[in-house]
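Keeping the supplied structure of chain A fixed, place chains B and C with the ligands upon it in accordance with the hints.
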Amino acid sequence: MSESPPILALKDVCKAFGAVRALQDVSLELWGGEIHALAGENGAGKSTLVKTLAGVHRPDEGQVLLDGRPVEFHGPGDAQQAGVAVIYQEPTLFPDLSVAENIFMGRQPRSKFGRIDRGALRAETAKLFERLGVALDPDRPARGLSIADQQIVEIAKAISRDARVLIMDEPTAALSGNEVARLFTVARTLQDQGCALLFISHRLEEIFDLCQRVTTLRDGRYISTELLDGLTADDLVQRMVGRELDTLYPKQETTIGAPVLKVSRLTREGVFTDVSFEVRSGEIVALAGLVGAGRSEVARAIFGIDRYDAGSVEVGTVELSGGSPTTAMSAGLALVPEDRRQQGLVMEGSIERNIGLTQLRSLRRGPVISRKVERDRAADWAIRLQLKYGRLSDVVGVLSGGNQQKVVLAKWLSTEPSVLIIDEPTRGIDVGTKSEVHRLLSELAGQGLAVLMISSDLPEVLGMADRVLVMHEGRLTAEIPRDEATEETVMAAATGQTRQEDVSGRASSGQRSAGSEATEVTKEDGALGAREPRSRQRAQGGRA
Amino acid sequence: MAPEAPAKASAVRPRVEAPRPLTRFVRWDVIVTALLIVVFLGGAFGTSDFATSDNLSFALDDLSEIALIALPMTLLVVAAEVDLSVASILGLCSALFGALWDAGWAIQMIIPFILVVGVVAGLINGLLVTRLGLPSLAVTIGTMTLYRGLAYVVLGTKAVAEFPQNYADLATKTVPGTPIPYPFALFILLAIVTAIVLHATGLGRSLFAIGAQEEAAFFAGIRVKRIKLLLFVVSGLVSAFAGAVYTLRYGSARADNGLGLELAVIASVLLGGVDFDGGKGTLGGVIAGVLLIGLLRNLLMLRDVATEIQSIVTGLLLIVSVLTPRIAALVRQARRHPRGATPSASS
Amino acid sequence: MAAITADTGGRRFVDTVLRARELSILAALIVLVAVTTAVNSSFLSTQGVKDIFLNASILALLAVGQTMVVVTRNIDLSVGSVVGLVAFASGKFVAGHDRNVLLVLVVGMLIGAVCGLVNGVLVSFFKVPALVVTLGTLYVIQGLDYYWAHGQQINAADVPASLLDLGNGSVLGIPYLPLITVVVMVAVGYYLRAYPSGREFYAIGSNPDAARLAGIAIRKRILTAYVVSGVLAGLAGVLWLARFGTVVADAAHGWELKVVSAVVVGGVAIVGGLGSVYGAALGALLLTTIGSVLVVLKVNSFWQDAIAGALLLLAISVDRLLALRVTRALRKRNARHGA
Ligand SMILES: Nc1ncnc2c1ncn2[C@@H]1O[C@H](COP(=O)(O)OP(=O)(O)OP(=O)(O)O)[C@@H](O)[C@H]1O
Ligand SMILES: [Mg+2]
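Residue numbers (our numbering), protein chains in the order written: chain A, 1 to 544; chain B, 545 to 891; chain C, 892 to 1230.
These aren't lab readings, by the way, just hints derived from the structure by calculation.
Glycine included, C-beta positions come from ideal geometry on N, C-alpha and C.
A few of these clues could be false.
Said to hold, decoys possible - Under 10 Å between C-beta atoms, here's a sample of chain A residues computed to sit facing chain C:
#1 Gln81
#2 Tyr88
#3 Asp96
#4 Arg143
What the hints assert, rightly or not - Here are the computed lysine-lysine pairs in the DSSO-like style, where the Cα-Cα straight-line distance is at most 27 Å:
#5 A:Lys372 with B:Lys824
#6 C:Lys1111 with A:Lys112
#7 C:Lys1149 with C:Lys1018
#8 A:Lys127 with A:Lys112
#9 C:Lys1189 with B:Lys702
#10 C:Lys1189 with C:Lys941
#11 C:Lys1111 with C:Lys1018
#12 B:Lys824 with B:Lys769
#13 A:Lys251 with A:Lys262
#14 C:Lys941 with C:Lys1149
#15 C:Lys1018 with B:Lys824
#16 B:Lys702 with C:Lys1149
As the list claims (entries may be wrong) - Reference listing, derived: stretches of chain A covered by chain C, where coverage requires no fewer than 3 residues with Cβ under 8 Å from a Cβ of chain C:
#17 71–77
#18 110–123
The shape of chain A in the complex, shown without the other chains:
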């Protein structure tokens, strides 16, 4: 490996955005046949580094080296020409075009006279999806795909390029176990073929599972590059954060009070059916299940984003009329939504305005809004959540992914809700902040907040929840108390292999393929989970 130069490398690269120095003297070498991990907290500069390699940004100083020779990428096109494929952190799809067109945009299979060969286009897409083990229709438009499915399409797009270098910026953040396992299989195949891979994730176990070498960044500065063999998770965290980290999942003992959120027989035809549960004050209830089981949709309906066809939602003693987030909010509900770029934030708005948007009424002094109150409140929350930012008047669009998520949290926590529904609370959030968010949730629960947490991160579900509700194909299939919740019980319910925990005997009948598919997948991927039992467990997540 050492005779030939690295396929792609960065040498002493600096990149600044105005006053923010996103990268300072960072070097990185990507070797063929190796999967390289990039670790760092939110805002450490990982995505900036990726975009520099991809030709989106040009380094202010330093060089990009291709096969040992300096190159200048004048745009993403140049990098693609050089054989660099990138999965960006935020999906970059064309909503109006079909999934197949999205994947092959600019590289469509051609027939005579340079026309697009639609048959081949469809067939090749189908092949890719088969390789990734997902059931997506190549012809459907990308609009309306869930975040997870969007991520899948991005992955398909990148691997279809047959590139020499594959860069993956948090590709797994939205995925559940099965898809992650498939992705890893594909990545290892590429590795065997001699490609160089760069992998970013905030789930450390994934890094240990997949990669051989890791480079750590902190606040835009290069910290270290070392082999993962012999490194422990604590070592890695130490390098990322610069200090020892406290325990993850700091679950507080709380006194659980009266039910605050009562959902009964909620049904939205074609989406979810007959969902009933309660969340009591001081309690954290996790809503687990596979991607696409209808968890987010339930949350949306409760909060009034979507209407429901039957059933009712009560907050405290008030029965919500449905279909109005405004009334839901005044009843004390808050929803941290799934898609922060579309639903959580006004991307071109400033940090302070985004945080203030949910409490316009309480910011008023007389008829007009007090800038001071607005700014003070935003500053309070920014400190409380350790937001990394330049000015409060900066637009949130330029914050790193994890910091954006914190702004969304601040925006909702500052409404002082009595029930907090939180959809993937720590997606894209680094380990340090993750434990902060968990501590915060625990504390809030301790103060009597009722929390309904949707999460695809099993350790998080098991670590945080007093009770786990599991959904499968639009139905609630299990309710598991904390002391009985294990990876096995939750995954079994999530894949439809429900046993005695079945809620009030509503045995879910229609699970045709999902269960069997999941077992099959596990068998196939049995080898990969050898190093990390957790990820093997995850691999059971079947796609319905």
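Just chains B and C with the ligands, lined up with the frame of chain A:
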């Protein structure tokens, strides 16, 4: 729950509001205001008839309808909607004004009546947009034709004139002691109200959020549909009122009154730096834009420049006003990255 | 979610319905024609049909160009004034001379191309908002046109017979005008659908940021769209002269909004990424037909505009309601087949 993570506290960058001289001042609305001052001074020194109070009050009076309608239009465009039917509502109300006057109605009956018509017209626009989720551009192109057509139905091609002098005076005379005509005085009042609403109230914040990211605004509990409906109704109401002003000012009610005015209004709003895609803009910029177009036209007229040239100047003005900040930005970028600029992700 | 539960049959259905956006305009057109013919049988006479197609051709041509621009999430408001300018300019060009028709067409399209180029450069290289720029060029071009014309007009007597023949003659009973439009429409439509570079126009309109990351030559495509729109407007200007012979400076005044409404009625999303030139052309045909129908039905001329506006609103509302119905029906369908 005091935050206790000293290791990371240092990472939080200080909130210093560093002055950013160049970027601050190469803003769109600032440029338009500067241009306005240049035009005014140029006019005052170059053309003797320009800076007289008679001429200025004439110029302002001439702007009344455009200025009035520009206010609700600004709110709409900030919320990423548009109302192209304003000029037709103006025409319809003007026609009704004439027809009802012909039929012997008293003016104090006619005006409330046409205001109600304006509200209904706005309500139709708003309901089509909010209930059916149709793009407002499409809806208001349709209602533009519809309302203008109705104006012809009401009045045909005839013109009604001879309205009572005291009302005509209201539309043309100035507030005693100032060169400001009554309609324009009303505009100033409404502009202040609109500026406060847009820039200092929750409703204003909501408008910007809706314009920038409607879905996120909805998720934040903002009553998006209700607010949009309200905007269209206000737009209809103000256009109807402008119809009354127009009729009295010219002393003539015709079905084709204000034909093509919608583009002039939109031109002033865009000239004022409001982003047609929503979410950005200031009312100050719009006022400067309205005045700039108005004064420039007046100046060209005084200098006997053909109306065709006026149209060219208006067009060039629009282009220059959007081009200048872009070129300034490009120059800045080129200076910072001599080897070639990195396109910023946010552009 | 939909991806998980929607079965193939459901998606096929969606596909059909999506394509039916064009079909539903066609259906509206047929209903309109059928009803009118029932009331007044002369409506479907050869001459009547010919007139409608002649009248629709120019609008449809402009709608095709506009579609290319709108699909990239831009807009070209200057087309109306380009038509006016070119109609007058080519009138001046031919007046008194016996110019070759092809030459006139080329000159007209060149003028249009220049206008399109100006718009395109401003929008794509300087990234200034399309609406503002083209509103600006609308005023500038119109001003130039009026200034030049100064109240003059071109008379049919000055226009060579060969050119007038282009506007009113026909081959095998089919007039030239619609023929030209159809050829242009099919060519542009085929290019946009079947060629990789054609798809990039949709990609740009669908998500400009993603288009940049995908390495698409955004500037080039947007520039192309504007030049095509300009060239077609130039062509339309010459055809305008050929059809009417007598031209004053404000030919096609206010047509920009007419073109935009044709495009919107034709199902092209004003925010880009969606729609076809066929739909846009059908939209133009529908608008023109509505106009003719009102004349044929002897609707009081004062009522014609109002009714045309109402019908336009009706068309887009019904289309939208149908679309909403279908989405809801599909969701419920999934309820039965999926979960
Ligand atoms: N286009 C931009 N303009 C201004 N600042 C930017 C821009 N892009 C990134 N930044 C800043 O650069 C820093 C590094 O951001 P980056 O997105 O690279 O972080 P990251 O390591 O990917 O974080 P995360 O794990 O949250 O994704 C952040 O402080 C961010 O606010
Ligand atoms: Mg990142």
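Taking the hints in turn, this is what the structure says about them:
For Gln81 of chain A, the suggested interface contact is upheld, since its CB lies about 8 Å from the closest CB of chain C, less than 10 Å. About 7 Å separates the beta-carbon of Tyr88 of chain A from the nearest beta-carbon of chain C, less than 10 Å, and the hint is met. Contact between Asp96 of chain A and chain C, as hinted, is supported at the beta carbon level, the nearest pair being about 4 Å apart and thus within 10 Å. With a cut of 10 Å, the hint placing Arg143 of chain A at the interface with chain C holds, because the nearest CB-to-CB distance is about 9 Å.
For the suggested pair Lys372 of chain A and Lys824 of chain B, the alpha carbons sit about 22 Å apart, so the restraint of at most 27 Å is met. Distance restraint check for Lys1111 of chain C and Lys112 of chain A: the Cα-Cα separation of roughly 24 Å lies within the 27 Å cut-off, and the hinted pair is therefore satisfied. Between Lys1149 of chain C and Lys1018 of chain C the CA atoms are separated by roughly 26 Å; this keeps the pair inside 27 Å, and the hint holds. In summary, the hint linking Lys127 of chain A to Lys112 of chain A is supported, as the alpha carbons are separated by about 23 Å, within the 27 Å threshold.
For the given pair, Lys1189 of chain C sits about 21 Å from Lys702 of chain B by alpha-carbon distance, which is consistent with the 27 Å threshold. Among the hinted pairs, Lys1189 of chain C with Lys941 of chain C is consistent with the structure: their alpha-carbon atoms are about 19 Å apart, no more than 27 Å. Proposed proximity of Lys1111 of chain C and Lys1018 of chain C is supported: the alpha carbons are some 13 Å apart, at most 27 Å. Pair hint Lys824 of chain B plus Lys769 of chain B holds up; C-alpha atoms about 19 Å apart against a cutoff of 27 Å.
A distance of roughly 24 Å separates the Cα atoms of Lys251 of chain A and Lys262 of chain A; the hinted pair therefore holds under the 27 Å criterion. A distance of roughly 21 Å separates the Cα atoms of Lys941 of chain C and Lys1149 of chain C; the hinted pair therefore holds under the 27 Å criterion. Between Lys1018 of chain C and Lys824 of chain B the alpha-carbon distance is near 16 Å, which keeps this suggested pair within the 27 Å criterion. Our distance criterion of 27 Å between C-alpha atoms is met by Lys702 of chain B and Lys1149 of chain C, whose separation comes to about 26 Å.
With a threshold of 8 Å between beta carbons, the proposed coverage of the region 71–77 of chain A by chain C holds, since 3 of its residues qualify and at least three are required. Counting residues of the region 110–123 of chain A whose beta carbon lies closer than 8 Å to any beta carbon of chain C gives 4, which meets the minimum of three for the stated coverage.
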